[in-house]
Amino acid sequence: MTVPPALQSPGAGRAASAPLLGHEAEPTIFELSAPGRRAWSFRNTGVHEWAAEELVPAEHLALEPVALPEVSERDLVAHASRLSHRNYSVDLGAYPLGSCTMKYNPKMCDAVAAMPGLVGCHPAQPESQIQGWLALMHGLTEALCEVTGMAAATLQPAAGAAGELTGLLLMRAWHQSQGNPRTKVLIPDSAHGTNPASVTLGGYEAVTVPSNAQGLVDLAALRDLLDDEVAGLMLTNPNTLGLFEREITEIAAALHEVGGLLYYDGANLNAILGVVRPGDMGFDIVHMNLHKTFATPHGGGGPGAGPVAVTERLAPFLPGPLVRHDDEAETYRWFTPAQSIGRMHLWHGNAMVLARAYSYILGYGGPGLRRVADAAVLNARYLKERVRGSYDFPFDDPCMHEFVASAARIRRETGVKALDLAKRFIEEGFHPPTMYFPLIVDEALMVEPTETESPQTVEAIAQALLRIAEEAATDPEAATAAPRTTVVSRVDEARAARDLKVRWRAED
Amino acid sequence: MPDYVPHTDAEIDAMLGFLGLDHLGQLYDHIPHAVRLARGLDLPEGLSESEVISAFDGFAQRNRAAATDLVCFAGGGAYEHELPSAVKAMASRSEFLTSYTPYQPELAQGVLQALFEYQSMLCALSGLDVANASLYDGASAAVEGVNLAAAATGRRHVVVSRGIHPHVRAALHTYAAGSGLAITEAPLADGVTAWPADLAEPACLLVAYPNYLGVLEDVSEAARLAESNGALLVAYADPVASGLLRSVGSMGADVAVGEGQPFGSAMSFGGPYVGLFAVKDAAYVRRWLPGRLVGETVDADERRAYVLTLSTREQHIRREKASSNVCTNQTVIAIAAAFHMAWLGPRGIREMALQCARGARYLRDCLTMIAGVEPAVGAPTLYEQAYRVPRSPLVVLDRLADEGFLGGIALDGDYPELGNAILTTVTETRTRQEIDAFAAAFEKACSP
Chain R
15 MTVPPALQSP GAGRAASAPL LGHEAEPTIF ELSAPGRRAW SFRNTGVHEW AAEELVPAEH
75 LALEPVALPE VSERDLVAHA SRLSHRNYSV DLGAYPLGSC TMKYNPKMCD AVAAMPGLVG
135 CHPAQPESQI QGWLALMHGL TEALCEVTGM AAATLQPAAG AAGELTGLLL MRAWHQSQGN
195 PRTKVLIPDS AHGTNPASVT LGGYEAVTVP SNAQGLVDLA ALRDLLDDEV AGLMLTNPNT
255 LGLFEREITE IAAALHEVGG LLYYDGANLN AILGVVRPGD MGFDIVHMNL HKTFATPHGG
315 GGPGAGPVAV TERLAPFLPG PLVRHDDEAE TYRWFTPAQS IGRMHLWHGN AMVLARAYSY
375 ILGYGGPGLR RVADAAVLNA RYLKERVRGS YDFPFDDPCM HEFVASAARI RRETGVKALD
435 LAKRFIEEGF HPPTMYFPLI VDEALMVEPT ETESPQTVEA IAQALLRIAE EAATDPEAAT
495 AAPRTTVVSR VDEARAARDL KVRWRAED
Chain L
40 MPDYVPHTDA EIDAMLGFLG LDHLGQLYDH IPHAVRLARG LDLPEGLSES EVISAFDGFA
100 QRNRAAATDL VCFAGGGAYE HELPSAVKAM ASRSEFLTSY TPYQPELAQG VLQALFEYQS
160 MLCALSGLDV ANASLYDGAS AAVEGVNLAA AATGRRHVVV SRGIHPHVRA ALHTYAAGSG
220 LAITEAPLAD GVTAWPADLA EPACLLVAYP NYLGVLEDVS EAARLAESNG ALLVAYADPV
280 ASGLLRSVGS MGADVAVGEG QPFGSAMSFG GPYVGLFAVK DAAYVRRWLP GRLVGETVDA
340 DERRAYVLTL STREQHIRRE KASSNVCTNQ TVIAIAAAFH MAWLGPRGIR EMALQCARGA
400 RYLRDCLTMI AGVEPAVGAP TLYEQAYRVP RSPLVVLDRL ADEGFLGGIA LDGDYPELGN
460 AILTTVTETR TRQEIDAFAA AFEKACSP
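Top line first, the protein sequences correspond to chains R and L. The opening residue of the first sequence carries number 15 in my numbering; numbering runs sequentially from there. The opening residue of the second sequence carries number 40 in my numbering; numbering runs sequentially from there.
Here chain R stands alone, though its shape is the one from the complex (with noise of 0.2 angstroms):
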């Protein structure tokens, strides 16, 4: 297989240019501050200036200041800018970091976010004055409906592990409804590890489903752990492997012959936009990401959100409000189903997130949403074949959006790890891959490129992850000394988890 030659642009993608003033640590804003200098201002309300002995019984009155810093607003800004130099992101760089999705997110959902019209909004303004997010909410479900194959959806959940929880809660009040909630969510031993920890705050037991030989749910061992005490089976699919489920019909027979519920995290969903839907493949509860699929930026790790969609059976039970559109009054309105669970968030989600994605959603339309999974799918099979050789890959079906690569043998040959591979990664000029996850990886490296890379930048890092693991046999310290272009060389963990510092205080 040679590469053709159109794709070869070594330097592509890569923030190696990127501009370092230097290698000092940053001053802690506490370290800027000198007494009495100031940024803040207000307006003069003309009220009368009551002092606050005036207004607040003495018992309640701050004995002394808040010890926050006093600094100039020029400090501020400049303080905060060189903290934002000291940070990778996607608009950097590319940033292949499997499972979390790293796109490009657009510029014009920005923009979408910042208008007064829709930031300016109090959520709880009365029905007729908020007709325009009553509408946006409502167009949203509807597409995460379609998207998803699914007849109902709350936008309510901040992020993927919210969603989860609010799909157990869900599976709880079905089965009660049922007259017997259960006991028991199976999840994959290679599930992300809020699926467990959502299943016990869910109030049930979870039970492992091991993977066979291909990385997939072993069928024969799901259908011995399944019983009438089995509330529902948690799945991503792709699964965390980037692989396809191709048993899924069969194990949503199998578990639906039981009563029991498929649950679908929607990490990948952006593997198989227009492709495949969940609802079609016989899941009831579906959870999506939406920071992930539909490109709202992460924010240095949140804001997400993480609408939940379920079947028609399942729509009684979901948190409300929900917004109905009322066809005689030509009106958008809240309503709260009958049986809801309750609420999921302190309002109506994080809706400056909602109105991101919808606006991604309209901007893309049906056909494009369908070109962002083809683009995704051919950038990780491109990238997975190209470093054929150099790593494994334990389970080795046609992988969708992303691929995990094992780096065992490189550590058996050479003694550098996945960990020393990722940092000298770096070095590379990109982001590193996932570590260390899913689990049943030995040395895991998991890689998405995302739909957004191009090929060229997708190639450049192809040839980088080669490099590594050639170095890494010749030169092993150039990848435990990893990094050294970085603003700060290798971290230590251990130190910051044993000699507990979290907080500035003059002293230190």
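Hints should not be assumed to be uniformly reliable.
What the hints assert, rightly or not - Partial list, derived from the structure: chain L residues whose beta carbon lies under 8 angstroms from chain R:
(1) Tyr139
(2) His355
(3) Ala396
(4) Val434
These are calculated hints, taken from the structure and not from any lab test. Values in this document were obtained by computation on a predicted structure and should not be read as measured data. Beta carbons are placed, not taken as given, at the ideal position from N, Cα and C, and that holds for glycine.
Since the structure of chain R is provided, determine the placement of chain L on it from the hints.
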């Protein structure tokens, strides 16, 4: 259609050729045909960027936004405050906005240090020792607070003040269906929590300061009560009020939770906001603190560096034994809150709280002149106040909207015991002129 997929047709062909494939459909050959979507998605054709912006302008125009089209006297958990341009500009920098959770600390010192500073400021605000790197919102923070208390005490019962935001109480009940925690609600007497005589071995008491009706609760007394019953005190603390009031930590709270929206975030139709969470330094922190935590350490060259720490508590390590399932949190919202708190400093935050309280006091002087209008509770308040009104609250609020005001939140649904009542809020954004005009409109709205 905006196209963020960069591939040209020729490049797609070249990649397919490399893979030995003829067309894109073959990428899915291993997926059973029975489950494939034969038709395309039934969604409209894509729109250009300007068409999308127009569509959203359309949505925006169908709203009467409280911050721009109305004069806002509503709060109740979502507030209009002055949002400094510097804070908006810095928090929207794409290095913060478009990065992921800082799992690779060498590439994420910016986010990590900003979160470390956020944690430090939250400790100062709450008077407690350890703050996490954020939760989803006030409701999720309260849920995690009671769950922490249950884990730390090994008890399965919590006592929640009726002064806690109604939506937070609703979320507590929703989550309790899974956790199995029993919840007892302590009623309000003239706006102040009346704790039951027999607390029945609670894991915690949960009290708000100030509470949903704006009332300054006796946190010290609640702390004594909690301690004498072997329970923790979880305080749902308003961060703006913290600029003027004693910290809940100094009054004996073990855990502070709350909603951080007033710092760094617009009202945003309810989200994204940020859940505040801080605790006393106690043995249970290492095991049960929910969410992410940033710690200071050094790099291989002994330079100061930051890293996510104590991750052995978290779901990705502990899996079904984790006490919380939180993964993605609200990082960039927390960073915005930190920048806003730094912009305010100790004197700015006090001034902000004081201006809110002054405006609310002036509004009370005005509204209580109106026949049939009186404070619905007698206890001292700070900048939110429930008023009894002589007509249906919804009618009053409708009439106020006709005059250009978002007049507050109707309380008859959530607090029927108060009769016809409206919760009003005054922040530092409201001028005397606006308050005068509001009071005049209020009088008109209350008239028969």
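Verification of the supplied hints:
Because the closest C-beta pair between tyrosine 139/L and chain R is about 5 angstroms apart, less than 8 angstroms, the hint holds. Against a cut-off of 8 angstroms between C-beta atoms, the interface hint on histidine 355/L holds, since the closest Cβ of chain R lies about 4 angstroms away. A distance limit of 8 angstroms between C-beta atoms decides the matter here; for alanine 396/L the minimum to chain R is near 5 angstroms, and the interface restraint holds. Of the supplied interface hints, the one on valine 434/L is violated, with its beta-carbon coming no nearer than about 12 angstroms to a beta-carbon of chain R, more than 8 angstroms.
Going through the hint list in order, the structure does not satisfy hint 4, though it satisfies all others.
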